[in-house]
Amino acid sequence: MKKLYFVMAALIVASLVLTACGAGSSTGGDDVIKVGQVTDLGGIDDKSFNASAFAGAEKAVADFGVEAKYLESTQQSDYNKNIQQFVDEDTDLIVTVGFLLGVDTAVAAKANPETYFAIVDYSYPDCFGTAGTDYTEGQTCGSATELPNVLGLTFATDQAGFLAGYAAAASTQTGKVATFGGINIPPVTIFMKGFEAGVKYYNEQNGAEVEVLGWNTAAADGSFTGNFDSLDDGRSFAESFVQEGADIIMPVAGPVGLGSAAYCQETGSCQIIGVDTDWTVSSPEYTDVILTSVMKNINIAVYDSIKAVVDGSFAGGVYLGTIANGGVGLAEVAGASDDLKAQLEAARAALADGSLTVDGVLGQ
Amino acid sequence: MTNVLELRGITKRFPGVIANENVDITLREGKILALLGENGAGKTTLMNILYGLYKPDEGHISVRGKQVEIHGPNDAIAQGIGMVHQHFMLVPVMTVTENVMLGIEPTKNGLFLDKEKVAKRIREISDQYGLEVDPHAYIKDLPVGIQQRVEIIKVLYRQADILILDEPTAVLTPQEVEGLFKIIDTLIKSGKSIIFITHKLKEVLAVADDITVLRLGKVVGSIDPKEATTEILASMMVGRDVSLVVEKQPAKTGEPVLVVENLLVRDERQHVTVRGVSFEVRKGEVLGVAGVQGNGQTELVYALTGLLPLEDGTIRLLGEPIRHTTPREILERGVAHIPEDRQRHGLILSFPIHDNMMLCTYYKNPFAKGISLQEKSIFSNAEELVKQYDVRTPNIYVNAGTLSGGNQQKVIVAREFSRPIELLIASQPTRGLDVGSIEYIHKQIIKKRDEGAGVLVVSSELDEILALSDRIAVMYKGQIMDILDADKASKEQLGLLMAGVQLSDKQKMK
Amino acid sequence: MSETATPSKTQTSKRSSLGQELLVPALAVVTGLIIGAIVIVASGANVFDAYGALFTGSFGSPVRLIEGLQVFFSTGETSELLRAIYPFTESLVTATPYIFAGLSVALGFRAGLFNIGAEGQFFIGALCSAFVGYSVKGLPMIIHLPLAILAGALGGAIWGMIPGYLKAKFGAHEVVNTIMMNWIAFRLSDWLLNGPMKASGFRPVTPNVLPTAELPRFFDDPLRFNLGFFLALAVAYLVYWFLFKTTTGFEVRSVGANPDAAKYAGMSIVKNLVLVMALAGGLAGMAGSAQVLGVDHWVGQGFSAGYGFDAIALALLGKSHPFGVVLSALLFGFLRSGATNMQSRAGIPIDIISIIQGLVIVFIAAPAIIRWIYRIRSIKTEETVLTRGWGK
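Chains as they are written, first to last, in numbering that gives the first Met the number 0: chain A, 0 to 363; chain B, 0 to 509; chain C, 0 to 391.
Treat the hints with caution; some may be incorrect.
[Claimed, not checked] Covered stretches of chain C (in silico footprint by chain A; criterion: 3 or more residues with CB under 8 Å from a CB of chain A, positions within the stretch not fixed):
hint, segment
1, 187-194
2, 201-215
3, 256-262
4, 284-296
5, 300-314
6, 340-348
[Stated by the list, open to error] Distance condition first, Cα-Cα at most 30 Å in a straight line; then the derived DSBU-like pairs of lysine-lysine:
hint, chain 1, residue 1, chain 2, residue 2
7, B, Lys375, C, Lys270
8, B, Lys225, B, Lys181
9, C, Lys197, A, Lys109
10, B, Lys386, C, Lys244
11, C, Lys262, B, Lys375
12, B, Lys386, C, Lys262
13, B, Lys363, C, Lys168
14, B, Lys375, C, Lys136
15, B, Lys442, C, Lys262
16, C, Lys197, A, Lys46
17, C, Lys136, B, Lys363
18, B, Lys446, C, Lys262
19, C, Lys318, B, Lys368
20, C, Lys318, B, Lys476
21, B, Lys368, C, Lys262
22, C, Lys270, B, Lys363
23, A, Lys109, C, Lys136
[Unchecked claim] Using C-beta positions, here's what the derived DEER-type ranges look like:
hint, chain 1, residue 1, chain 2, residue 2, range
24, C, Ala171, B, Thr313, 32 to 40 Å
25, C, Ala171, A, Glu243, 30 to 38 Å
26, C, Ala233, A, Glu243, 53 to 61 Å
27, B, Val67, C, Val361, 36 to 44 Å
28, A, Asp287, C, Ala233, 58 to 66 Å
29, A, Thr132, B, Thr325, 58 to 66 Å
30, C, Ala233, B, Ser376, 22 to 30 Å
31, A, Asp133, C, Glu79, 33 to 41 Å
32, A, Thr266, C, Ala233, 53 to 61 Å
These are computed hints drawn from the structure, not numbers from a lab.
No experiment lies behind these values; they were computed from the predicted model shown.
Where a beta carbon is used, it is the ideal one built from N, C-alpha and C, also for glycine.
Generate the whole structure from the sequences, applying the supplied hints.
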């Protein structure tokens, strides 16, 4: 018993000491601009959105001397809590990553109009229809109006996906290419739509008949794993596509795609098109099976947002990353001939100046 | 004559208890010393000290007049001390040779096992002492008696000349016990010295040259077997006079309580272990079921108590058939069951005594009202039973696991006897118990008989069967060999039946 | 051995054994924190900053609390005070599902069952509660809220009962089956969130539950402290009462401690195994209910950060006793909740909390280490049987 009392006493003393220290160090200087990033469930090392966004923040730290830190969310109830933590620390710009934070970000932005927010892959207004029947603000969606202190960072990934589809169609040996997604939502399917259009454009230009498996824009349906985390699913989806005759696969499902890459590497029967970041950089172990990557340059978008806060020009609204402004792009295509490179450059230029559009190719 | 082993002033304390206090023991060369004592008297602690498993707090050990330090079994073996444990330390799927060489494997060219050398040596030892063991037989194929000889060979192979035999007869048939005594005799003749640990008084008188009795960690005294009787030894062990003969009147039998016909039972592994067994138990009589452990007695009892389903045949309890009947329904019909394995079936060791005292009746008044347990009644019931059945425990709140074996058994007896009984099934009711407890439990069983209950006693101890039974059934390989009247049955007859030998008419006449 | 060396009649009064019971877990926690401190130092951070932030993040800063009280008494303004108690209430919010899930696993342990399926049951419970919460309209709160909780409990119970039945009837090991049921639950929820239960819009989440199904919150946003916490405490007491004061609880504990003796005493193993797994599933389901009705109000894919798995550790730490579970759940809640602040203020990854939790569990599982470190003389106690071996 005595020992127990001793332990308890020690705990209490220790906690008092810690509190004193903790309280002392909790106030930071207000003159430095503070940036806080709240990740989604992928965590800061997801080699994807979160990592890319924080890379932008770190560049801003180096360039402008701002202070940047991040909080990782491990479950959905953390979103609110983590945003609240940054609000509490008087953070100047809170970067939230992913559409799942859409509601919590809007609610916090309304409650703290002095704080700036930037949300990756989302934008406001996001409530459509009639209030009360179709939606409830702050619950089923974030905001029915544009928020003056929130910048939505969105990306025309269909343009980059278009180039990837073109490159895939030019590179396939079997005449079949495939794509699949995590779940059937616009931020995912927009890649697939661009991919399909790129293949179609290649067929039109070269009189080829390359087939796309796993997505059909007209039907608005395709192959989906239903999650963004199962490497096993990535493997089995790749396997079945290869069995159907495809030799190039674009998985739009975050880490799931790594499972597909592993399958391709082991069997040597397929190549992968990475998404979001250049996979030869983020997952160099699969470089030999990566054809190219559709890059969503979130780092540039985040960097630009921070820059706007630093120079006082931050304004709410929507940022759209395009081929033209460098917000999206295609990584180097492995083994591309000079001819293919030239064709891709021509398509890129046409997309950039608007003479070529994804919807146009798809006839929509 | 020299003393080959002397323990002087051995004291061993455990937190709160003195296990051995100033114990002196002397083993003369070429003699058998019987070490006698109840459970908890400190015999095992003492032997563990001798074998180097415990370090004594005080005292010293001398081997052949030389003081020695024993720090572990290897030291003990080096001093020529070998131990044959009660529970054999053998690997069933290995041969005799492999078991004997375990731990000291000789090699050829420093790499390959030299089994032949060991087998040859085993054959030599076997011939020398009349052990009759085949070095190439697998342990699992050998009867218990032979397995014990393998343990003895292990010790002899390691060149021990002081042998410690811990309860060696506990698992043997009377015939096997005879065989063991012959082997012991041969060992002594060839100059070995033996410490024989037991609580069976008759065996002590049959083989020992010297007897030392321990009680509560102290030596009570040493006695010459020529001057000793079982009564004297028992009172030395227990510290008071005990009656070894169960006083009982002739049975006043009444209606049959239990009628079993052509019973067929499979064990959990689906082997048929009881085949075609028929018998009846009447009110006011004790039917003893004798037999070597493992001949179907266990499964017979399980079938009677609903723990195993019956494959074929009928069981009628008070005229009502038992088939697909749950243990609870059987209990409710007035069957009390003292199970063979008290720690497996009879008690929940991690539960306090008061819970164990109502283990079978917890759902009934006064222990429960609706689904709510009535702690007051539970506690008072336990207090009462502890007092009535003399359970030695600090209080009713300690876990059953902290009690000694005898007191654990008393808890079960108290619980089972505290409700109305038509039939009492007692399986190995005194296994591992000391003389005092045995006496007590035997008296209780006879008391239930005299109150008019039918009693079925299953035991592998012939003495117990003979002491309690009015009639005796002997089981062998799942069948009942014969049912004899207890007052006409002799140990020899029973021994033959237990070994599966049908009695000729002449043998029955005896 | 035919005899034990000594009749060990250790006089253990109830009080001193309680002290002993608490001593090892308490020391395990302290040791876990100390080794955690070493890890923090090794990672180049300041321990005092880290643990200070952990403390203020879980209990709140005393300085702020005093300021908050001053403001409140001088002006009647509560916002400062609420800000000060926010960390403390968040810890209780985090502890709430831990209590339920911990009770679930502990109840299984008591019956000798290893319920690894709490995570799946948690999801199913949450989905069922959410469904009743958003789809049943027009009910008053007094009916709607209990109905939504009941739905969660029932969903979890069915999810737990299936492996219980497979175990009792066919001897299929519950560890394997509960893990399988987890996967079914995860995949089922993936499908439901993308299909039948998907809210309008493109996010794969359920609609929000109606206000009548929400567990009432005691303060305004952002404080999420709600009735769920007190519900959890009440359920913990109920589980205690069930286990130790009822005949059925007695059966459950008997089956767990010694199934052979339970069978001998006329108890039905089958009935009890199925019952316990159903109840355990129900408790884990209620964890999901409390989380969705009290905190999130909707279910998405990242609904749980592994509450069901942490619950195993927590039940071990709580020695499978309902009150022990509450204490460990509070500990885990405070650690987890304070970790956010530690991560932000001291730059220590949340993972350090997992390391500390892991260490604590190692020390609980191997109390000999703690006894050796602190030179506590071992008293012989029967270890609670946690689970039976394979194939039995």
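Violations among the numbered hints, reported as their numbers in ascending order: The structure breaks hints 3, 14, 17, 20; every other hint is satisfied.
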